[in-house]
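Asker: Listed below are the residues making up each chain.
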Amino acid sequence: MTRARALLFALALALAACAPPAEPPIVLDLSGATAPLIDPYRFGEGGATTDQRPGARPAQETDEGGLWMRMDRVEQDLRTSGNLVRDPELNTYVQGLVCALAGPYCSDIRSYVMRLPAFNASMAPNGVMQVWTGLLVRCRDEAQLAAVIGHEIGHYVRRHSMQLWRDARDKTDFLVFFQIAIAAARVPFVTDVVTYGVIGSIYAFGRDAEREADRIGLALMARAGYDPAAVPAIWRQVVREDEADRYRAFRTIYFATHPTPRERLETLDLLARGTRTERRESGAERYRAIMKPRRLDWLRDELALRRFDRMEILLATLVEDEPAAGDLRYMQGEVYRLRGDPGDEAKALDAFRAAAAAEAPPAETHRSLGLVLRRTGERAAADAAFADYLRLKPAAEDRAMIEALIGEAP
Amino acid sequence: MITRALALILVGLALAACRSDPYATIESLVGREAGPRVLLMPIDLELSEVAAGGLVEPKAAWTDTARTLMTAALAELLAERRATLVPYSAPADDPGRAALHDQLIKLHDTVGEAILVHHYEPSFRLPGKGERLDWSLGPPVALLHHEFDADYALSIFFRDSYKSAGRTAAMAVAAPLSFLGVGLSGGAQVGVASLVDLRTGAVVWFNRLIRNQGELRSADGARESVATLLEGFPP
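One line per chain: the protein sequences are A and B, in this order. One point on numbering: in this note's numbering, the residue at position 74 of the first sequence is 74, and numbering is uninterrupted. One point on numbering: in this note's numbering, the residue at position 185 of the second sequence is 1185, and numbering is uninterrupted.
In isolation and in its complexed conformation, chain B is listed as follows (with noise of 0.2 Å):
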């Protein structure tokens, strides 16, 4: 789905060791007297476990733990910040509706590529908007605002990696030779996290984290991730 951001992450991690860099257009979320309420749209979530050799296997049971978790830790942490966490249902009666969401869904994923790109890559800035975050989904959100009676959307992309046996098994016995330029690489996490406002479509916050730790398989573990993801999320 968002694969060519996937490739920019990847890149990206190449280049930088462990960082989280967040953009914000607002101070703090505006919402009702009750709080604001933050509507969350299906984690885009996958854990993987690579194999001795390199390879990157899929692990379907990891990730339904981790989707569970981080929802989790999500609530908890909006809920210190008195907004509450709306979970995302698709319209599973209406085929005209369902198909207006996934195409809100998909039309987040380019803005969001988009914003990858062009603020995250500084040789794609743009002369127009340098670092002023300054992107919008536009009007047709306020589906989504009158559906789930929701001031926000937050979106998620995760990828997180963790070692083999066999994996740290070959970082070991390689470990005593990087002097010859053996070097093998473990497990990482890559995520990417926005905040769109439903009353107008604006792209209100955003961020991406790269790091070669991190652990979405406990709770604590999950909470932690959630936090660093969520870095400068408007109070």
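If we strip away everything but chain A, and leave its shape as in the complex, we get (with noise of 0.2 Å):
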């Protein structure tokens, strides 16, 4: 019990990104002539509490006013955190994407973009959201990160975070009582499934909250003029990525958090499809001028977690939309150089002489692949690979240690 209270102690403070929706399927007309049959910005609607807005600061007496001092010292952690990225520009970018997208919520919310790999945003009920970097290197372009910054305001603006401590302690205090009487009737077994039954149901709550902020922010995208087809996406993205991993973990979908992003992936897209909209904007240009010159520090954050075929296919992705981009393709040498599969130096060597060909590769490039020449036997390559990259980076750290290995005796 003590792990299923921690999660959902977790899972109360702060919801995470991911997120789909369900039947029945909302048609959105966008299209001009009818009004949007939903309105994602109403609060009371679908079990939320009606009493007041979001984003009203709650009575210190309330159990709401105790969540958000929790997060207001979250958020004092945040502002003094080594990974958060201070960059004005990147920043300005994505607290005017938040803003486009939040409505009357926009000065409510404050956005902050934290250096950390994997696929994550979250929302606290204080307005504080986080925007993971391992988020913005996994989009293609701004209309996905729309679709989950709108999933996260969704989550705001039906104030998820309260609704959710609600429904698990008055489920946990209901069952203490229950567990204490059937110990006094010394009824076998009822106990386990009631108490198994009861966690089920706090953890498929929710997720019905991830569905619900699936489709709000999926309404929120489409009416700021993204291409609502770029929601489902996005999590065809997370679903490949989890497929092609080796050391996927199984997990039961009983206590999960969050639905799977298969389901996610399935319903968004019939939703997407039933959204009648006329700009379909993708935002791709826009979104890859700010995020090319940042995203190499934050693909090497994703390197370092060593999840090497999930890795190799998000830079597939990415390469698909940018050919002749030489950081990706030096990233993907290094997955290569770094996996050691059977048949990966060869492609490590492909991919690094791809790099030094395309546009702007890092230097270190030049280092990989004489690492790798070195690995294969070709000293002579890879003394030449060593000298390029110690002139193109004659500043480099590691300058004696390279030096000392060409010419080196085999």
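Keep in mind that the hints were calculated from the coordinates and are not lab data. The C-beta atom is built at its ideal place from N, Cα and C for all residues, glycine as well. It is possible that some hints are incorrect.
What the hints assert, rightly or not - A short list of chain A residues far from chain B (calculated; beta carbon distances all over 12 Å):
hint: 1; residue: M114
hint: 2; residue: V190
hint: 3; residue: R246
hint: 4; residue: E397
hint: 5; residue: I406
Said to hold, decoys possible - The calculated label-pair distances, taken between Cβ atoms and stated as ranges, are:
hint: 6; chain 1: A; residue 1: N91; chain 2: B; residue 2: D1220; range: 44 to 54 Å
hint: 7; chain 1: A; residue 1: R251; chain 2: B; residue 2: A1099; range: 39 to 49 Å
hint: 8; chain 1: B; residue 1: T1068; chain 2: A; residue 2: L338; range: 51 to 61 Å
Assemble the dimeric complex from its two separately framed chains, guided by the hints.
Answerer: Here's what the structure looks like:
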């Protein structure tokens, strides 16, 4: 129970990004003639309490006031965190997107870009939104990022943190008395069955909140003029990475905080197809102009996770859009150089050579090329690659090490 | 912020029922003619309520009240030692200096966690230090020494929970079943306090409090809790 409680606790305080929706398919008609069938900014729907506007600071005495206090402390930690990306241009861009989607809630939401790998964003009831760089490298265009940010705004507008907290508290309150009664009656088995049932229903409630946030996210991004097809597209990327990962852990849906990526993909695909809208922007060029000069460090963070199978898929996707990008080709080479499956050395050499011939490869491309060539016994070519590296990056911090490798007896 | 330490404290809670175990490296506070000045860093505080089912709900109003009461009790206890409590305020108009302060506070959190690990968990005792409290934040704390004209900085981390009416009822109903192994816990107090010499950076006193009692919502209770937390505090 302790583990379940810890999970619940984490769950109630910050809802993680990932997001999709369900029946009945909502038809969003944004073509002008008819008003949208749902108003994504309405907060008193689908189980939400309507006692106050999201973002209005709750009274100190209330349970929601307690959640806000805790998240205010989290915000203080984020502000002083070494992982916070302080780059003004990037922050202006992300907050601008938040505002384009959040409408009347724009000024309530404070976005924090965190340099952390993995696909994630989160939303807290006090208006703190986290956007991880692992999300930024996975989106192919602005529309995909808008899909995830819209989902987070959905959590905020519907005050999901508060709803989840109350649901979990009320259900565990019931459970303890039930457990005592059954223990007193000395009836076997019943307690276990009901306990699992109640805990399962707490998680199920959380998954429903995710589905609702998915639906709101889709509505918000479509209303802002983005192509609804970007919503299933980002989930397709997640599913493809998941399926490629040989170390993917089996996870039971029963205790899952989110619906499966596949469910989200399928539901959102249906919903996106049913969304009629005139503007279908991707914002791909604008997005790339911001992210491209910044993404190499973020990709290195991903690489450090050593989830090579996932990264292989991610890079293949990005390379489809930018076949001539030297940084992406270099990272592909790194995946193969470090993974070491049969045949990876040859793939790494191909990738590093492609990188060297592409646009703006990092100087480290030549160092990595040299390292693989040493391994395959091509010492002269390796030394030439090392020399290229030192010529391109004369102040390299590992200069002495590389010089020691050059000309070293085999 | 200090979650890992909190987890450790809670482990300690399961092991030890009611304890306060101070360490000190000085015999008395050293200050000036008029008595030493002690800077009170922002208290990391949360009061909460244990729901019937055991979920712990943070309580903002209680926390605010307790912060005020604790601060008053601290000032009183220090006055008894001829020391003056100096309130901390973040440099509002100087982001660069504010960032330095933030990092000093975080450095202190990290050192505090290390002390909790290596001095309160016998299996993690360091061979080179043993039971000797020998930790320092380093000379950069002189920044606070100069800005607040203070000799020491006192930092406090405190978590305090109370059982709700529902929890009390559940405990009462469960009590007769204790022979079946059914047992429910109520509230608890866990706290950590440390004193740093702002002229040198050295941690000169440290204490950890763990117990299943205490009350921070009344002036008398706060005074008693703070006095227990400050056990062994240098005179």
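Asker: None of the hints should be skipped; say for each whether it holds.
Answerer: Okay, the hints, checked on the actual structure:
1. M114: holds, 16 Å
2. V190: holds, 15 Å
3. R246: At about 32 Å from chain B, R246 (chain A) clears the 12 Å cut-off, so the statement holds.
4. E397: holds, 25 Å
5. I406: Answer for I406 (chain A): holds, closest chain B Cβ roughly 41 Å.
6. A:N91 with B:D1220: 44 to 54 Å: holds, 48 Å
7. A:R251 with B:A1099: 39 to 49 Å: Once the Cβ atoms are compared, 40 Å apart, the range 39 to 49 Å for A1099 (chain B) and R251 (chain A) holds.
8. B:T1068 with A:L338: 51 to 61 Å: For L338 (chain A) against T1068 (chain B), whose Cβ atoms are near 55 Å apart, the range 51 to 61 Å holds.
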